[in-house]
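**Student:** Between the sequences and the hints, there should be enough to build the whole structure, so can you do that?
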Amino acid sequence: MKDASPAKPYALHLGVIALLFALSFVLPDYHHGLLARIMVLAVFAMGYNMLFGYVGLLSLGHAMFFSAGLYGAGLAVIHLGWSVPAAFAAGILCGAALSLVIGVLALRTSGVAFMIVTMMFAQVFYLVILYFASWTGGDQGMVVPQPARVLGFGATSLDLTNPTVRYMSALALFSTVLLVTLAVVRSRYGRVLVAIRENEERTKMLGYDTFSNKLAAVVISGTICAASGAAYALLFGYVGSSFASVQYSILPLLWVLLGGAATTLGPMIGTLFMYYIVDITSGYTSAYLLIVGIALILLVLFFPKGILGTIRQRWLGWLP
Amino acid sequence: MHFGPHLLLAALEGLVTSAVLALMALGLSLVFGVMRVVNVAHGEFFMLGAVLAWAISTAISGHPALGFLAALVLAPLIVGAVALFAERLVLRRLNYNPEATIVATIGMLYIIQQLALTFYGPEARPVEPPFSYRILLPWFGYSGYKLSVIAASALLLAATWFVLTRTKIGLIMRATQYDSETAQAFGIPVDRVYAGVFALGAMLAAVAAVLIVPISQAHYLMGQDPLLLSFIVVIIGGLGSLRGTLVAAVLIGLSDGIISVFFSPTLAKIIATLLVAMVLVFRPQGLFGTASR
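Sequence order for the protein chains is A and B. Read left to right, the first sequence gives residues 724 to 1043 (my numbering). Read left to right, the second sequence gives residues 139 to 431 (my numbering).
Wrong hints could be hidden among the right ones.
Partial list, computed: chain A residues near chain B (C-beta under 10 Å) [as the list claims (entries may be wrong)]:
#, residue
1, L742
2, F744
3, L746
4, G834
5, T841
6, S1009
7, I1014
8, L1019
9, L1021
A short list of chain B residues far from chain A (calculated; beta carbon distances all over 12 Å) [to be verified]:
#, residue
10, T303
11, E319
12, A323
13, G325
14, V417
Just so you have them, the derived chain B footprint on chain A, three or more residues with Cβ under 8 Å [said to hold, decoys possible]:
#, stretch
15, 844–857
16, 1023–1033
I should point out that these hints are in silico values taken from the structure, not numbers from a laboratory. These numbers come from a predicted model, not from an experiment. Every residue, glycine too, gets a C-beta built ideally from N, C-alpha and C.
**Tutor:** Rendered as structure tokens:
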């Protein structure tokens, strides 16, 4: 990190955001909708990357944070009739509270035990959703009705089911989270997280309270994932238990590994690639899990640094 | 039925679960103990064993016992070969790094599951039990086959225990588990021990599957629940502790059987999973294990 000039990274990130904005006007309908979904899921991956990439804590239970946001927002709209902003805030708060509790418990363990504990907590969360099927719709899930997904500002109103509004809302969330992660990663706090990843004992010896730093990282990560889940419920109108299953804890790991762990743009690139690979191959075969499996093994065998990680190592050392 | 016989029935069902669970968890525990690899694909080796048992027993005509015996021998061998192949091709190249191997075995899980779905299909298919003798108790009749599953599992567990503690192979495995570097320095082919242990672990899961498949049917998603349960067993018993695994398997199997007879199975799973997560958080060495080195 010799290059301290912030100009290049910020220019790159603003460029990416501008590109996504411009794409909104040229993309055909199908890809327009797909990209909106990818941006929301990329936020999920960015939240995951915060913990896995920068702190080196491999969680196998992030689906619970995503679905805490998903159900927090969805249930508030469906059962309590809350407005869109209030429901979004409720989703985020649910994720923050859950990640605080899980963080306090799970951070008592490390390594393999941390992975298994997070996986088990996520499984409990998933089963709880199934158990309270009369509220959550069980494995059928629930649809958030269209009239509830309108954002009103006095006289004008924004309909989140409109493709352009949906795309721009997704982009707004994506840009905010991208710039926030960039700022966090470049801050003093971000350096401490990397130090913990590289050598926790030594960081402790230097006088840092590693537990509370890690706890803060879990909460930031869980909150970002919850924001993604809440946005998913409100923008795409579906709340279902499949989002809480183990598979949705594995997918962000895959996206981050593919794009490059501990890179700010990696999660977006990984999500984009994986989504399109699955989308294109699903035209030929329904065996998309096979592709996910092979991709995981190939990545971990040959490209443990992912796409952007490899680019950073070879050519662009300044990439954040 | 009165409460007493009902409880007896639940306990018997629980013992059958325990028997299968003990075999499967032992495989998981061996792989973790010796290689320090958390094998997330263990449930898929179990499923593969069941699916192969169906394929073999339907391919062989004649008395059902014939097909079943062939499956009992062949299915674990094939699954062991698949595991050996996966170990050589993937795990060894990762140098058994704990985190990388978890990601890789998740990959294997998806691959095996998808291949089973593609070639075997989404149906659940039954395998005929080798004999259908019913033991008549004063209150209800009970399947003789289920009782023989408990006996077979006990026999296999005893055999594994004997190999581990009384033979040279077991000594080599324990030496590798205790300190792989020193073992290597004493001329033990650690690399081959790892390959053998991984295959053995998968074979134990496959045997468990062949034993259970005449009771519950073969299905491509059947590996998920047993995987979680064996994780629970291994954690409660203490990672890498044989006796702890056995005690925990009986405990979990029995309580699972009894709780799900009297309460909702989802609630039983919620409570069990939460309890185990708490054990792992507050007593990481397990309830019966000793503190890890």
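**Student:** Please go over all the hints and tell whether each is borne out by the structure.
**Tutor:** Against the structure, the hints come out as follows:
1. Evaluation of the L742/A hint against chain B yields a violated restraint, the C-beta minimum of about 31 Å exceeding 10 Å.
2. A cut of 10 Å between beta carbons decides the hint on F744/A: the least distance to chain B is about 34 Å, and the hint is violated.
3. Using the Cβ-Cβ criterion of 10 Å, the hint placing L746/A at the interface with chain B is not satisfied: the shortest such distance is roughly 31 Å.
4. Taking 10 Å as the C-beta cut-off, the interface hint given for G834/A holds, the closest approach to chain B being about 6 Å.
5. Because the closest C-beta pair between T841/A and chain B is about 9 Å apart, less than 10 Å, the hint holds.
6. Hint status for S1009/A: holds, given a least beta-carbon distance of 8 Å to chain B, under 10 Å.
7. Interface hint at I1014/A: satisfied, since its Cβ lies 9 Å from the closest Cβ of chain B, which is below the 10 Å cut-off.
8. The criterion of a C-beta within 10 Å of any C-beta in chain B is met by L1019/A, whose closest approach is roughly 3 Å, and the hint holds.
9. Annotation: L1021/A was flagged as interfacial toward chain B, and the flag holds, the nearest CB pair being 8 Å apart, inside 10 Å.
10. Distance check on T303/B: its Cβ is at least 26 Å (rounded) from any Cβ of chain A, clearing the 12 Å threshold; non-interface status holds.
11. Every CB of chain A is more than 12 Å from the CB of E319/B (nearest about 19 Å), matching its label as outside the interface.
12. For A323/B, the requirement that its beta carbon stay farther than 12 Å from each beta carbon of chain A is met, with the minimum near 26 Å.
13. Interface exclusion of G325/B from chain A stands, the closest Cβ pair being 29 Å apart, more than 12 Å.
14. The claim that V417/B is not at the interface with chain A is violated, since a C-beta of that chain comes within 12 Å of its own (minimum 10 Å).
15. For the stretch 844–857 of chain A, the assignment as covered by chain B holds, since 7 residues bring a beta-carbon within under 8 Å of that chain's beta-carbons and 3 suffice.
16. For the stretch 1023–1033 of chain A, the assignment as covered by chain B holds, since 3 residues bring a beta-carbon within under 8 Å of that chain's beta-carbons and 3 suffice.
Figure legend: structure checked against the earlier numbered hints; hints not met, in rising order: 1, 2, 3, 14.
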